[in-house]
Amino acid sequence: MTVTTTPPRGDVAAPTRAAGTGRPRRGPASWWRGGGLHSLVFLLPLLVIFGVFSWFPIVRAVIMSVQETNLVTDPTFVGLDNFRHVLADPLLWKAVQNTLYFAFLALLFGYPVPLVAAVLMREVRRARGLYSALAYLPVVVPPVVAVLLWKFFYKGGPTGVFNTVLGWVGLGPYPWLQDASWAMPSLVLAATWAGAGGTVIIYLAALTSVPAELYDAAEVDGAGLWRKIWHVTLPQLRGVLFITLILQVIGTAQVFLEPYLFTGGGPNNATVTVLLLIYRYAFQNSLGGDYGAATALSLMLAAVLAVFSVLYFRLTRSWSTS
Amino acid sequence: MTLSPTDRPRPAPTARRRPAADDGDRGALSAPDWRRPAVRWGMGGTHVLLLVLLVVVGLGPMLLLAKYAVTPTQDILRTPMALFPHGVAWENLERAWNDVQISRYFMNTVWLALGSWASQIVVATTGGYALSVLRPRYGRVVQALVLSTMFVPAVVLLVPLYLTILDPPLLGRSLVDSFWAVWLPAGASAFNVLLVQRFFDNLPREVFEAARVDGAGPYRLFWSVVLPMSKPILGVVSVFAVIAAWKDFLWPLLVLKDPAIQPLSVRLPAIEASTDLGVFLASLAIATVLPVAMFLVFQRLFLRGAGLGGAVKG
Amino acid sequence: MKSTRKPAALVLVGALTTGALAACSGGSDPQDESTNSAGQVTLSVVSLLPGSTEEAVAAFEDQVAEFEKANPDIDVQPEEYEWKATTFAAQLAGGTLPDVFEIPFTDAQGLVENGQLADMDAQFRALPYADQFNPTILEAGTGADGHVYAIPAKNAYPVALHYNRALFESAGLDPDQPPTTWEEVREDAKKIADANPGVAGFATMTQNNTGGWQLTAQTVARGGRTVETDADQKATATLDNAGTKEALQFLHDLRWEDESMGGNFLLDWGSINQEFAAGQVGMFTSGSDIYTSLVQTNAVDPDTYGLAPIPLSDTPEAATLTGGTLAGVPANVDDGVKDAAMKWIDFFYLNKLVDEDRAVADAETLAKNDQPVGTPVLPMFSKEQYEQNQEWIADYVNVPLDQMTAFTDAMFDLPLAGEPSQKTQEVYALLDPVVQAVLTDENADIDALLADANTQAQALLDQG
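Protein chains in written order, with the numbering used here: chain A, 521 to 842; chain B, -4 to 309; chain C, 5 to 468.
Keep in mind that a hint or two might mislead.
[Stated by the list, open to error] Here are the computed lysine to aspartate or glutamate pairs in the EDC-like style, where the Cα-Cα straight-line distance is at most 20 Å: (1) A:671 / B:70; (2) C:238 / C:143; (3) C:249 / C:188; (4) C:342 / C:79; (5) C:372 / C:361; (6) A:614 / C:456; (7) C:194 / C:180; (8) C:194 / C:257; (9) C:347 / C:77; (10) C:347 / C:123; (11) C:88 / B:253; (12) C:195 / C:178; (13) A:614 / C:445; (14) C:195 / C:257; (15) C:194 / C:262; (16) A:614 / C:77; (17) C:238 / C:466; (18) C:88 / B:172.
Don't read these hints as lab results, they were simulated from the structure.
From a predicted model like this one, the values you see are computed outputs, not experimental measurements.
Pulled out of the complex, with its shape left as it was, chain A reads as follows (with noise of 0.2 Å):
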């Protein structure tokens, strides 16, 4: 890796020497010769399209939600009045409480299974590339695609697929999406089916790095299969569980794509989500949106979320040194 040709400037290693110093020189002059340009035009991607594309567009999100804004006239500062009209908004407490609803059955539905599948499947002796295969196939179908493919097995009635199939041992019909309460878990039924396998994979590659010899010790003690699962799986396992955990409910607090698609929030508002609500508040109004509204929201929701941000990051931050 030795480089032989004679580099643009001469004193590209000044950065070297002025370190050795220990202070830097003064003056515009040897900030030049120190190489301060250089390290500006390399920061310069990241400056202009962070600065553009996010650091700007958080202000302004600050900016907008107290102000009354539609595109169409002139913005006007309204103080907090954002921030009341979203609180008193009916929808918001049913939006907030689908959410949570949804959150918690895409922890009960997607949080055991691919435990449950990983751990099984990592006992497998021939074929495990098949296993993991066969449950990641699912993630790999564009999310759009899935939502729309399990949109028409979930058609009502008798000559819906799921309900054909469902039929042929006696049950059913379900009315699936078309009623209040099944829309929501048939939704997570669909993201859980699209995810899972991606979570299998994640727990079967930290169930890898279990030590062998960590199993090999407690069988020295006796432990018997559940004991060592119990005992030496499951705790070499805390860090990603953790991390998958927080994670989903931040994704999840997010979700958008699946009542979009398949119920538009319906019926009766059963699958309106926040972050669906800050779209319609957006985007819904054919004479032009609310966006203060939307922005008050999106900031309440980006306030509870941090706290699960500054979590995760100290969790993994100290799992990860340790």
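Assemble the complex: chain A is given as a structure, and chains B and C must be docked to it using the hints.
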């Protein structure tokens, strides 16, 4: 939103897992355990059951989709589980390909993924290099600002970012209906920058010094030394970038209104109500075939990427 | 390795950032679309719904070619388009609407008030037939200043009952005797559903504001009104009127007592058309002109299509809800584009209604490409003019008019009522979940749902 939990260099887990797949490989059950009939039959039976379940759940829906792709619409509607009572409708596929023009939307999806990938790689490598290797004084401020965006969920950006795309600074024209509207914001991924920066942090400093002594400037150092050493992390970032772009729905839905440049994820729902059901399901099938084929060919890469995803992201 | 000087760096970064901020906060200057120096105008126009058939596209392209030949200085760029309440705002804000776009009657006033439609008065008045329009239809696109902003273009229609003749026959019903009362609708729906498992005898829209729209139509047909406006334009929400309650109770009874509404209760304008064309719906209510799009996008079998007036209750207030589509032009275009837009509106939508040569040429193009000619709509001008037009194109009419006689025989005698004029789409949006609740929850409390929606609607109307 994605967060980086890792302070470790990335190659370590992969390197550690690879040998584990060989003879040292064991789960909770030991070889002696397996010789016990109860375990053998119990676990063996469970595994067969698991396999059957996986086939039904993982493969079943896709086989059904393949069947519907060539089933006449009226049969799909009336007898969804009957096996071709009125023959096979190959014309569904032909109409999906020609009338619905699935191939065009497929290519749009590919372009979106490639551009987002390029944008993320450029920002992450140049930014990571500046922050990790060149280390300007203000680097820490920049890093803190980048880091802070990880605590802001994507939803906050939805509306203000949309308005920024409508009227971007300095450009003077809306980016709506242009691939740039998706490509450029994709580059603002704090997760990638930190991932790459941490990787660079762990590269041996001596190599940089040696290169500098040999007279390499910062550009040559970046291009000829740092980048070649970063293939593993670039691979990880690439996998995440492409998968994220592939799955994206809400953002392209907002900014790509022109059907000519929409990806599959936006186009398919738009034509759902105006396309014959058989043809529509054939379109879904075609949209699924390529990723599935790619997966089957590059299975190892996908699964390793997904496993890694757990270690870094989820 | 800290070689850079902090102040200098900060200044630079600061300059970059403030530059970006300044540029961003520059406001949303409209991008002016203009004619280029050679006088060539590029005009984007609404073409067809997404997913239209090849024949429909071919017919449209023929019309574009004819227009460009007559107007060599205008370059027409067709864009597929479907007006949906839930997507229109983003297109409007995003500046992605075509130069000539279509909006429903209900939205024109709001868009005019917001200054989002170009003032087309001068161009419109120059039309030779400008003074012949049916005044009530023209009013929909006229602003408070008396200027015409949006031009009655694509259609004006009463809501009607569409039915599937094949399903009628399968249930032993006479397809030439469509129901004329809601009670008959219910009986026929039950028979159709019983004879065809999984098929809805009667279905209704529920999503993207169309649930509220059709509930309003079914309310008006029973003599109710969802919003009352007094002489001072003060609007009072009356969602809990007897007609709406009756309409919802009707849906409830079909759904839960007869189980004759099939298994899909999340339908909007497009998806109910799709279900109907696929033979999954026996009857539903929608604008009288949807046959055209049933052919263009859903490839419906013409033999199965039947059209009848929406049944009216036996009260003097019972009426048929009307609606229609206007053509609008974005506010930020220059006069060159406005002139070109008016030429296109004249060519594509209007002139064929009043000019014999154009009528025949247009019908010929459509018929040649197997596109529907002669779908019944409300007269944009006078009844006499409409009948005159029908004579001109008689040779090309290819829609099954004899399957629409129940409607066409009655259409000029129907009592008509316009849609509510204030916050129309927002009130429709409030009614969507009500309709969904009745269809998906057997114990839905209709009175409570309507009382709740009424309070919210009144709050919207009071905002002004």
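Okay, the hints, checked on the actual structure:
1. Under the criterion of a C-alpha separation no larger than 20 Å, the hint pairing residue 671 of chain A with residue 70 of chain B is consistent with the structure, at around 18 Å.
2. For the proposed pair residue 238 of chain C and residue 143 of chain C, the alpha carbon gap of about 19 Å is at most 20 Å, so the pair holds.
3. Proposed proximity of residue 249 of chain C and residue 188 of chain C is supported: the alpha carbons are some 19 Å apart, at most 20 Å.
4. Only pairs whose Cα atoms come within 20 Å are accepted, and residue 342 of chain C paired with residue 79 of chain C is accepted, the gap being roughly 14 Å.
5. Between the alpha carbons of residue 372 of chain C and residue 361 of chain C the distance comes to roughly 16 Å, so the proposed pair stays at or under 20 Å and holds.
6. Of the pairs offered as hints, the one joining residue 614 of chain A and residue 456 of chain C holds, with about 14 Å between alpha carbons and a cut-off of 20 Å not exceeded.
7. Distance hint between residue 194 of chain C and residue 180 of chain C is fulfilled; the C-alpha atoms sit about 18 Å from each other, no more than 20 Å.
8. Between the alpha carbons of residue 194 of chain C and residue 257 of chain C the distance comes to roughly 11 Å, so the proposed pair stays at or under 20 Å and holds.
9. Among the hinted pairs, residue 347 of chain C with residue 77 of chain C is consistent with the structure: their alpha-carbon atoms are about 12 Å apart, no more than 20 Å.
10. Restraint check: the Cα-Cα separation between residue 347 of chain C and residue 123 of chain C comes to about 15 Å, which is no more than 20 Å; the hinted pair holds.
11. A C-alpha spacing of about 15 Å is found between residue 88 of chain C and residue 253 of chain B, which places the hinted pair at or below 20 Å, so the restraint holds.
12. Proposed proximity of residue 195 of chain C and residue 178 of chain C is supported: the alpha carbons are some 12 Å apart, at most 20 Å.
13. For the suggested pair residue 614 of chain A and residue 445 of chain C, the alpha carbons sit about 17 Å apart, so the restraint of at most 20 Å is met.
14. Pair hint residue 195 of chain C plus residue 257 of chain C holds up; C-alpha atoms about 14 Å apart against a cutoff of 20 Å.
15. Our distance criterion of 20 Å between C-alpha atoms is met by residue 194 of chain C and residue 262 of chain C, whose separation comes to about 6 Å.
16. Restraint check: the Cα-Cα separation between residue 614 of chain A and residue 77 of chain C comes to about 55 Å, which exceeds 20 Å; the hinted pair is violated.
17. Simply put, residue 238 of chain C and residue 466 of chain C have alpha-carbon atoms about 9 Å apart, close enough for the 20 Å limit, and the pair holds.
18. Between residue 88 of chain C and residue 172 of chain B the alpha-carbon distance is near 19 Å, which keeps this suggested pair within the 20 Å criterion.
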